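Protein sequences, first through last, are from chains F and W. Using the working numbering, the letters of the first sequence map in sequence onto residues 546 to 864. Using the working numbering, the letters of the second sequence map in sequence onto residues 35 to 225.
These aren't lab readings, by the way, just hints derived from the structure by calculation. Do not take every clue at face value.
[Stated by the list, open to error] Pair ranges (Cβ atoms, derived):
1. F:F747 <-> W:M35: 54 to 62 Å
2. F:E758 <-> W:F205: 38 to 46 Å
3. W:E159 <-> F:A788: 16 to 24 Å
[Unchecked claim] Straight-line alpha carbon distances no greater than 27 Å define the calculated BS3-like cross-link-like pairs of lysine-lysine that follow:
4. F:K702 <-> F:K821
5. F:K731 <-> W:K76
6. F:K583 <-> F:K639
7. F:K812 <-> F:K702
8. W:K62 <-> F:K766
9. F:K731 <-> F:K680
10. F:K642 <-> F:K702
11. W:K76 <-> F:K812
12. W:K114 <-> W:K96
13. F:K680 <-> F:K821
14. F:K702 <-> F:K639
15. W:K129 <-> F:K731
From a predicted model like this one, the values you see are computed outputs, not experimental measurements. Don't be surprised by glycine CBs; every beta carbon is placed ideally from N, CA and C.
Read off the chains here:
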Amino acid sequence: MRREMLDAVADERARAFDGFLTAELEPWLAVKEGERAKIAQRSYILAGAAVLFAIAMALALSTSTEIQFALFAGGFIGIAGTALALWPLSSWGKTFKADLFSRIFRWFGYEYSPDAPVTLMEPLRQCGILPGYDKRHLEDHVWGEIDRARFELADCKLVEEHRDSKGRTSETTVFHGLIGYFTFAKPFQGRTVLHTDHGTIFNALGGMGRDGERVALEDPKFENVFEVYSTDQVEARYLLTPAFMERLLAMRDRLGGRMQAAFLDEKLYLSVHLGKDHFRNPSVFTRVDDPQKVERLVSPILFIASAVRILKLNQETRV
Amino acid sequence: MLTVGIIVLIVLVAGYGWYVSLISRRNKAREAMSSIDVQLRKRFDLVPNVVKLAQNFMTHEKSLLTELTALRAQVDRPYKRDDPDEVKAHLDASKKLDAGLRQLFAVAENYPQLRSSDTIVRAQETFEEVEANIAAARRFYNASVTQLNNAVEIFPGSIIANMAGVRSMPFYEVEEEARAPVDVDDYMKPA
Numbered sequence: 546m547r548r549e550m551l552d553a554v555a556d557e558r559a560r561a562f563d564g565f566l567t568a569e570l571e572p573w574l575a576v577k578e579g580e581r582a583k584i585a586q587r588s589y590i591l592a593g594a595a596v597l598f599a600i601a602m603a604l605a606l607s608t609s610t611e612i613q614f615a616l617f618a619g620g621f622i623g624i625a626g627t628a629l630a631l632w633p634l635s636s637w638g639k640t641f642k643a644d645l646f647s648r649i650f651r652w653f654g655y656e657y658s659p660d661a662p663v664t665l666m667e668p669l670r671q672c673g674i675l676p677g678y679d680k681r682h683l684e685d686h687v688w689g690e691i692d693r694a695r696f697e698l699a700d701c702k703l704v705e706e707h708r709d710s711k712g713r714t715s716e717t718t719v720f721h722g723l724i725g726y727f728t729f730a731k732p733f734q735g736r737t738v739l740h741t742d743h744g745t746i747f748n749a750l751g752g753m754g755r756d757g758e759r760v761a762l763e764d765p766k767f768e769n770v771f772e773v774y775s776t777d778q779v780e781a782r783y784l785l786t787p788a789f790m791e792r793l794l795a796m797r798d799r800l801g802g803r804m805q806a807a808f809l810d811e812k813l814y815l816s817v818h819l820g821k822d823h824f825r826n827p828s829v830f831t832r833v834d835d836p837q838k839v840e841r842l843v844s845p846i847l848f849i850a851s852a853v854r855i856l857k858l859n860q861e862t863r864v
Numbered sequence: 035m036l037t038v039g040i041i042v043l044i045v046l047v048a049g050y051g052w053y054v055s056l057i058s059r060r061n062k063a064r065e066a067m068s069s070i071d072v073q074l075r076k077r078f079d080l081v082p083n084v085v086k087l088a089q090n091f092m093t094h095e096k097s098l099l100t101e102l103t104a105l106r107a108q109v110d111r112p113y114k115r116d117d118p119d120e121v122k123a124h125l126d127a128s129k130k131l132d133a134g135l136r137q138l139f140a141v142a143e144n145y146p147q148l149r150s151s152d153t154i155v156r157a158q159e160t161f162e163e164v165e166a167n168i169a170a171a172r173r174f175y176n177a178s179v180t181q182l183n184n185a186v187e188i189f190p191g192s193i194i195a196n197m198a199g200v201r202s203m204p205f206y207e208v209e210e211e212a213r214a215p216v217d218v219d220d221y222m223k224p225a
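Generate coordinates for the entire structure from the input sequences, incorporating the hints supplied.
This is how it looks when you write it as structure tokens:
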């Protein structure tokens, strides 16, 4: 039922988007496909030449040096040459993505920038719904307003570096997914944070450094998914009504990742660890004028309007 | 002898731990009760203004207005937060006041002049806001009372609670009839 509700909202927007896709986007994509095909052809020829040159070099070196060195040198030349050959295609792809996303987001009435500000992360870090990291990468910054509810979202990747006893470094991705906020119509003063539930022992250990007190809620399914902490027990329940808890669960089911949330400064902050970007990148190695590919890119964008309407973030609803 | 001493010490420490937990839970329930009272006070403060305004228009609803004033006085009476009977009486009076106010707003729909009055519109908005806060405070209170009652009623907590004079507290439940739509016709009959 919940999924049907979400899909109904998305379907309504998707149907309207079809008109825009046919009338405006498809002719533009046809022109872009022409550009891509030319650059791709040139890049593939150069990459092929680089691979052939690498093989020739490896064979030549193998007669005068050890075979391992010849293979290493050949491999290095092949990889570096292929990367150089494909660089114009990759660079074109970045410009194409920014242009395509700007057009699509503009149609939805949102603003878009390929880069996202670091400041978007700060409240989420402050609330403890983003992990510690050594390296970060933010992209696809989308912002706008739907039915008086403002929002700001971006894709985020956080990486932690490890160094072993021999000094070798390795990297672990600790977060990869969607971050951002929606403004919240209900007035509130304190801070209420929904952490992922990790089971009794880990919750107790993790809860020691958290702000506020644990809030025990009535919905067993919600309690299994989230561990709620708040600076105000009454306010936490004022925000997390039984109906709103259901809506949050519905949104989490829809996104499919590990969702955490925080109510702070009249906003509902979200971090959703998906293990991938929420706003997908269009592939430049296949045709870019395929309408099905565009529809796949639009699906995560439809989520924004669905979220506002299903969570009723635009209404001062009391339930 | 040493073994007996160690066992007695363990029993005493465990008993004290249980006692501390009981008192913490009782204090939590008291805190939750205070938060309900803060919200009930807001609802309570609405009554005089609404009744005063309604008296000018609602000539047939004298009994309802009188009842509201009486219920307000009943809710305002001081009570002991440790005494489950007094807490129950206080919560029952609050529920009746809530039902009375709902009836009043429902009946007000039949008086166009009253319905369009800024004061009654604002009062109704405030009432809805206060009700949302009361519902939240009620959920906090009931969660605290569940924890307290479990500790008080389950052995060996029942023995320690009895010795410490800590008693189970009543839940703040909302009856279905309080949430049911009000039949305005019942209040439109001539007195």
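Now for the hints, and whether the structure bears them out:
{"no.": "1", "hint": "F:F747 <-> W:M35: 54 to 62 Å", "verdict": "violated (43 Å)"}
{"no.": "2", "hint": "F:E758 <-> W:F205: 38 to 46 Å", "verdict": "violated (21 Å)"}
{"no.": "3", "hint": "W:E159 <-> F:A788: 16 to 24 Å", "verdict": "holds (20 Å)"}
{"no.": "4", "hint": "F:K702 <-> F:K821", "verdict": "holds (8 Å)"}
{"no.": "5", "hint": "F:K731 <-> W:K76", "verdict": "holds (18 Å)"}
{"no.": "6", "hint": "F:K583 <-> F:K639", "verdict": "holds (16 Å)"}
{"no.": "7", "hint": "F:K812 <-> F:K702", "verdict": "holds (22 Å)"}
{"no.": "8", "hint": "W:K62 <-> F:K766", "verdict": "holds (25 Å)"}
{"no.": "9", "hint": "F:K731 <-> F:K680", "verdict": "violated (36 Å)"}
{"no.": "10", "hint": "F:K642 <-> F:K702", "verdict": "holds (18 Å)"}
{"no.": "11", "hint": "W:K76 <-> F:K812", "verdict": "holds (26 Å)"}
{"no.": "12", "hint": "W:K114 <-> W:K96", "verdict": "violated (32 Å)"}
{"no.": "13", "hint": "F:K680 <-> F:K821", "verdict": "holds (16 Å)"}
{"no.": "14", "hint": "F:K702 <-> F:K639", "verdict": "holds (18 Å)"}
{"no.": "15", "hint": "W:K129 <-> F:K731", "verdict": "holds (25 Å)"}
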